[in-house]
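The hints should help you fit chain B onto chain A, whose structure is shown.
Protein sequence lines correspond, in order, to chains A and B.
Per this note's numbering, the very first residue in the first sequence carries number 140; after that it's consecutive.
Per this note's numbering, the very first residue in the second sequence carries number 140; after that it's consecutive.
There's no promise every hint is true.
Between beta-carbon pairs, the in silico distance windows are [claimed, not checked]:
{"#": "1", "chain 1": "A", "residue 1": "ARG331", "chain 2": "B", "residue 2": "LEU162", "range": "42 to 48 angstroms"}
{"#": "2", "chain 1": "A", "residue 1": "GLN273", "chain 2": "B", "residue 2": "ASN295", "range": "29 to 35 angstroms"}
{"#": "3", "chain 1": "A", "residue 1": "GLY156", "chain 2": "B", "residue 2": "ALA330", "range": "41 to 47 angstroms"}
{"#": "4", "chain 1": "A", "residue 1": "CYS625", "chain 2": "B", "residue 2": "LYS643", "range": "44 to 50 angstroms"}
{"#": "5", "chain 1": "A", "residue 1": "GLN273", "chain 2": "B", "residue 2": "HIS334", "range": "49 to 55 angstroms"}
{"#": "6", "chain 1": "B", "residue 1": "TYR202", "chain 2": "A", "residue 2": "LYS278", "range": "56 to 62 angstroms"}
{"#": "7", "chain 1": "B", "residue 1": "SER503", "chain 2": "A", "residue 2": "ARG331", "range": "51 to 57 angstroms"}
{"#": "8", "chain 1": "B", "residue 1": "ASP405", "chain 2": "A", "residue 2": "GLN502", "range": "46 to 52 angstroms"}
{"#": "9", "chain 1": "B", "residue 1": "GLU588", "chain 2": "A", "residue 2": "ASP472", "range": "17 to 23 angstroms"}
The set of hints was computed from the structure by calculation and includes no laboratory data.
Positions of the beta carbon are idealized from the N, C-alpha and C atoms, including for glycine.
Protein chains: 2
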Amino acid sequence: MRIALAQLNCHIGNFEGNLQKMLAAVESAKSEGADLVCFPELAVCGYPPRDFLEFDDFIRKSYTSVERLLQASKGIGIIVGAPTHNPVVEGKDLFNSAYFLYDGKQIGVQHKTLLPTYDIFDEYRYFEPATEFQTVELKGKKIALSVCEDIWNVGNENPLYTICPLDEMMREKPDFIVNISASPFDYGQAARRIHVVRANVERYGIPMFYVNHVGAQTDIIFDGGSIVMSPNGRVFDEMAYFEESLKVYDLEEVMRGGQASEQPKDKINLIHDALVVGIRDYFQKLGFKQAILGLSGGIDSAVTAVLAARALGSENVRVLLMPSQFSSGHSVDDARRLAENLGIQYDIIAIKPMYEAFEAALQSHFEGLPFNVTEENIQARVRGTLLMAMSNKFGNILLNTTNKSEMAVGYGTLYGDMCGGISVLGDVYKTEVYELARYLNKDGEVIPENSIAKPPSAELRPGQKDSDSLPPYDILDQVLYQYIECRQGPRELIEMGFDEALVKRVLRMVNMNEFKREQAAPVLRVSSKGFGMGRRMPIVGKYLS
Amino acid sequence: MRIALAQLNCHIGNFEGNLQKMLAAVESAKSEGADLVCFPELAVCGYPPRDFLEFDDFIRKSYTSVERLLQASKGIGIIVGAPTHNPVVEGKDLFNSAYFLYDGKQIGVQHKTLLPTYDIFDEYRYFEPATEFQTVELKGKKIALSVCEDIWNVGNENPLYTICPLDEMMREKPDFIVNISASPFDYGQAARRIHVVRANVERYGIPMFYVNHVGAQTDIIFDGGSIVMSPNGRVFDEMAYFEESLKVYDLEEVMRGGQASEQPKDKINLIHDALVVGIRDYFQKLGFKQAILGLSGGIDSAVTAVLAARALGSENVRVLLMPSQFSSGHSVDDARRLAENLGIQYDIIAIKPMYEAFEAALQSHFEGLPFNVTEENIQARVRGTLLMAMSNKFGNILLNTTNKSEMAVGYGTLYGDMCGGISVLGDVYKTEVYELARYLNKDGEVIPENSIAKPPSAELRPGQKDSDSLPPYDILDQVLYQYIECRQGPRELIEMGFDEALVKRVLRMVNMNEFKREQAAPVLRVSSKGFGMGRRMPIVGKYLS
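This is chain A alone, in the form it adopts within the complex (with noise of 0.2 angstroms):
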């Protein structure tokens, strides 16, 4: 039997356009010969569809687009992934569930047992659990059928749900595994992916064929890296990372494992790519071609920049340079510099006009006031209200350049350097921005090295560095990924050895600054725990602020 994987990009609610890549995909996988071709979870609408899944419209959009795989499975399986309604009145209205289309017909069709409702996860907003589980037969194999979550209560010293559905179907003795999966990239999500589909293959003795999503979503990308594994617990195969692929597997090869191939997993090379396809799904799932963004000279401005060039071609990149009388000469220089390295236009637009401007007009109102961060952030509101003139008057998307360390503390200013469309680095520490940097530059000077020597700073008043009013990045950093990604309150940070008075500080400005966050731009997210809809915490709240 020989078993086709296909890792698709879909597009939330393109229905139309996402059958079209499922046909090819079944027409290619019939003339490789495959029995069976498979698509990830909720293929038809693309994942998270999140509550277009309340428009019956939407449903009915999903169904007709399973009726015409039906047509075009003469001759080969399908199992895809589709919303269904629930027949039964007590309960949530929906199945997130898998067909399997046989031949012009409907085997079979399993629900999801396990739905996922954590970090960036809803799924218990919309569907019903499981309760019925049932082997499908193609050929004489019968394939037990499960959607991505359902394999995840393998594996886990604290499993998140009471039931297992895998168990379940074991009775019926079933030939192979096939998941059907929306696994969002993390950095250390193949990693895990790998460990739960090896605990399953080891519980149940028999192989499994996982497949997954590809691109971006907005903020949630998918790095694909479908896994076929042997019975043996060996990776039979991993496919590409951050790409569409189609692959066919001889059932009887995967049985006998000897095959072994697995992706490489460099953390900083990871998130490259996968910031480059979020970048790149963004505007074309928008139906943009070209961005526009501001180079400050310093090293987050500096990436995002080459990130977007890579993404979407140095000609559809163009940045404005915009100093000010407290902007430091080289900061200019070292833009042009960049600018020029990558090809990309570069336009120069000092800010001084319309801060004095506002100076004037603000004048008498702040009459005998000392210069503050009011002023600070004037010259960031201009500089934004600058770039938004040029996304306006010709069309293209303004990217944000924040990093996460920033975005966890606050330090940026709202409606000015925090505008943006999509902000790339949001879900980036300022130290993996310097280790991107350098990645960037492995072939030769592509970021200035002065870019990426310089100290940090913001440039909004005389001599003023980032050190002024944070703690060194590397401190810094380190309490904050324990604290948004491992979820380690002040007393555990504390046990750590970290100075309890820092420790209280930071996590005082990472807690008041929920009000900015909750109007950032949606951020591209490449760690477990990114800003947005995966961390959800109250504005108004008390709690260590």
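Relative to chain A, chain B alone:
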């Protein structure tokens, strides 16, 4: 037996503040001879605590509060909501629980069974549902203890859950039901709440004591309206809306069901009161006193200013009038008159110099390109920057004045008139804003009649009117209501008789502007479907856009 309901305004994460309120309520209840005092759901930590629940430290602090209430329970029963640990390794780590404390002892804990995971609710993100059900006993009376949603599967044609916890508890023949709730306001919720309480009382034939939160937590407003219902299905008492309150009821009297008292439920009156509380608590809970906003002479900013003055006091509201060359003469007059009517501080800053500075800086880049939305947006962003400068310099919070109709169709400038810490009218359709304006003027003119009567205009280009680019608001708002609140898709809307081209245009505008709403201020929620956490739509979604 005398039962006290304590309808309190808790503050998320403010453990000491919440505890002090509860301890004071315990003393009051004792002094009024109560045998039992009931506090709302998760009262120790405030609702919704969101991802704070993922921190051990936060849960420890909840336990500490319960411990202190236990000590205060000498001679009185206390029912209080708190998160508790799930001792079983499988499943979520927490329960959403109702403690029953009496005379220094913990007599029982009933966990919540039905975990709302829709709209603004995310409870299955954190909690495991209960699987055990037991009544508790106080002075010979058996009490069926339930938490909020646990009563909501009754009286519902399409129940969301497959089990009904009170059905289980009825085996022990309880004498009455206590329900501790966190049931947020929308203008139809009080009536729905009474319907559901009645459905339970009629099903089980015993009275119910239902206690709710009051006060706002950022966007989510609790109206109180706690309910005591007699076994005959009459509302024995409905406690005040939008006020903290402690009332003691005699069980025998409630059993007899002679008395009947309900609060009036006029929609606009309720919305008015909710918005005033929403503004007041946002400031109070963040520790701010003063607001600023821009007055355009139009109706939205006028209504916002009046609500702010009522919430914070006239002395704490300050406005900017920021005319441009496109402002009509009467706009400044209307705005000034409103400020004078309210007795609030106003300043006039013409935006022309800043606008011209931007124009000059961009001139060479925009050479030969026509005036368009770019220049309109620059005006709005200059205003946003001026308002934020005042906010930064004087430590007040900018109120956003965008209404729901504009927010829906994206008729507003990101980083311009969409600036603000909290959106006051973002869940109030334009046609409802008119009703609110008339309501505010009911005892005499506060809002100048001209602001209400003139055709709506953004005044960003000569002679501009909203009706140039939008359908008439009375039609638009109907389509939006059906699409947003009622989740009716294009087919259903057309079947209702709305023009097909109009429906497609409006739905497309709504969907294409998710990117703007993603960066909007939190919106005070007054309808059953507000923008924000309760409505989660993809940005790169292709459906209907």
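State the violated hints by number, sorted upward, taking the hints as numbered earlier in the document.
Structure breaks hints 5 and 9.
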